[in-house]
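**Student:** Sequences and hints are given; from them, build the entire structure.
Protein chains: 2
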Amino acid sequence: MQKFGTSPIDDALMERLSTYGELHPMLKRGIFYTHRDVKWILDEYDKGNKFTIYTGRGPSGNTHLGHLMPWLFNKWMQDTFGVNMIFQMTNDEKFLFKDLTLEDTTSMAYQNALDFIALGFDPKKTKIIVNTKNIEKLYPIALSVAKKITFSTAKAVFGFDNSTNIGSIFFTAMQSAPAFLPSVDAGKQVPVVIPCGIDQDPHFRVCRDVAPGLGFPKPSLICCKMMPGLSGGDKMSSSDENATIYTTDTPKQVKKKVGRAFTGGCVSVEEQREKGGNPEVCAVFKYNYFMFEHSDDELNEIARKCRNGEILCGECKQCLTQKINVFLEEHQDKREKAKDVIADMAYDGFEW
Amino acid sequence: MQKFGTSPIDDALMERLSTYGELHPMLKRGIFYTHRDVKWILDEYDKGNKFTIYTGRGPSGNTHLGHLMPWLFNKWMQDTFGVNMIFQMTNDEKFLFKDLTLEDTTSMAYQNALDFIALGFDPKKTKIIVNTKNIEKLYPIALSVAKKITFSTAKAVFGFDNSTNIGSIFFTAMQSAPAFLPSVDAGKQVPVVIPCGIDQDPHFRVCRDVAPGLGFPKPSLICCKMMPGLSGGDKMSSSDENATIYTTDTPKQVKKKVGRAFTGGCVSVEEQREKGGNPEVCAVFKYNYFMFEHSDDELNEIARKCRNGEILCGECKQCLTQKINVFLEEHQDKREKAKDVIADMAYDGFEW
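Protein chains in written order, with our numbering: chain A, 30 to 381; chain B, 30 to 381.
Check the hints yourself; a few may be wrong.
The list treats identical chains as one, so a pair stands whether inside a single copy or across any two.
Said to hold, decoys possible - Derived pair list, reagent style BS3-like, types lysine-lysine, alpha-carbon separation capped at 27 Å:
| # | residue 1 | residue 2 |
| --- | --- | --- |
| 1 | K247 | K127 |
| 2 | K284 | K264 |
| 3 | K79 | K68 |
| 4 | K363 | K352 |
| 5 | K184 | K127 |
Bear in mind the hints are in silico, worked out from the structure with no lab data behind them.
**Tutor:** Shown next, in the form of structure tokens:
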């Protein structure tokens, strides 16, 4: 928050949010912890000016649990407020920034979209943008954004240098475009809120800076921490395959990966029975905290038992494995069904 | 040629070109004077691998004679070789680089296209691209180009700095895209030749550099000098309104503008009768040379009479005014008729 200059989601905002529906555990637990202008979005909503939710994915690989986590929160937002949602697939970005072909990133966009749809977004109110497919709509908006951003700004915000390719330099304009698309489509000022990982804030800081000059409202942001990796790292990442659970993993793979997870346990059973474990540093506990244990009572009970040495890491791992596998079994089923509706969810504007 | 490293159109190339049809006066007079790989284009043509012509326009204002000049040469190329032609309207470029809206540049693209069509390009073999309209086709190609160009290169070639907007930095990728579009559409290596003003060479130098890495043939270039202004400047430019003849000018406006042209005459009639004028520096003579007097004999006769003081500037101006007005009367008529076919000439690929 200090680095980016965002506001905390404080008690007052939390209380206000709770008036629209039961707070999502990710809010109560401080996983979604910081924001920009969410109060304004709610003010507009209260006046009858519904916002549109905008989030997205850079399709550089298979979907893992770290990607699903904020999408689940997006789903809560849509359910709670009954609003439209845009999901942007930046297949151009991942082509420009990674050693991938455009065919790779486009086919990955399809795979990732199946996971997104599987979470149950309202198919009538949710539209998926693929940058290269929806470029006719996005490009004019991106141009107007790009005209307002100097290389100097892009360099300062994203750390570009002389060796950066000119597509990467332009790209942030493409990520800004969907924030203004609802206003362009509706022909009026439509508020937009972007629930996303805090790592995406730089793009939207730039986007917010240019908005007034283009006659659009500044998009609001609500940002989350990154889902940790199973090996104890700060962020679940595909660069650490064994510590990353993909949505298409088999129960056996999940069991193996969770089995190797970094925990807060002691070196021997005896020691742990005596001294207890440390849930603060335990990846297994974090997975319960972030996604798999919605009951606060249950979560506190796990922590208490761990600290007292009443349960060992093996039991906890087994328990989490089962929760993940129950979730994935259902998810994989919905993911298959998503293939039937994905074409209908391609962006073609909303009714305003 | 020294600055850009292009090759001269020498006698051997001129002779070879003359085997395909009567040489255009702009070749004989050295107006189109330099090239890159035109011999290769002809070799491929001789083998039955027809090239596609690609040229374009940055629609920042009304069409003037300086724009028509190279287009007339393009028309000769198409007629002589019977090949396909792509005409790109960079409405994005002029929005990014000038103080114009995208609506301005898009409506100007339409106006400019009427002038292009009026010159009589084969409607079945000629397709007009408007960057924002054909972006779905161009963007993936532009991305692949952009990934290969660093900011360092763009800076060196186009003189960008930290204050340049990120759209302008990206733009050269959009200008490269049509050079590769025929190969993408045809699914085979299609040679492309770009007849254009020498000022466009930097874009295509970059384009040629990236081509092999993308698996496309390097586009060939054939470049012309810039059409001079009526006030004696090196380049006809809209920034000098009174020295610029637009395709929509009335006979009266043309008369007035030519009447004010810079000539090689003397201060008094007496002096000119005695000492003669200097056609070398005369804008009126240059207009005959560049566009309005196709007969070399006639042109030499004008120069001779001028040097001997046999004709005065007033007569020459009157004579050029009439030639231009005859040309424009017919052009304006064809320009009106172009409105009926412009929609059919929108780019949608060629039959290969």
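**Student:** All the hints need checking, so say for each whether the structure fits it.
**Tutor:** To see whether the hints hold, each was checked on the structure:
For the identical chains of this complex, K247 and K127 are inter-copy neighbours only, at 25 Å across copies versus 30 Å inside a copy, given an alpha-carbon limit of 27 Å. Taking the shortest alpha-carbon separations for K284 and K264, only the intra-copy value of 20 Å comes in at or below 27 Å, while the best inter-copy value is 73 Å. When the C-alpha separation of K79 and K68 is checked against a cutoff of 27 Å, the pair qualifies only within one copy, where the shortest distance is 13 Å, while the shortest distance between copies is 63 Å. For the homomeric pair K363 and K352, the shortest alpha-carbon distance inside one copy (17 Å) is at most 27 Å, but the shortest distance between copies (74 Å) is not.
Proximity of K184 and K127 under a CA criterion of 27 Å is satisfied in both settings, with 18 Å inside one chain copy and 23 Å between copies.
Hint check: no violations occur; every hint is consistent with the structure.
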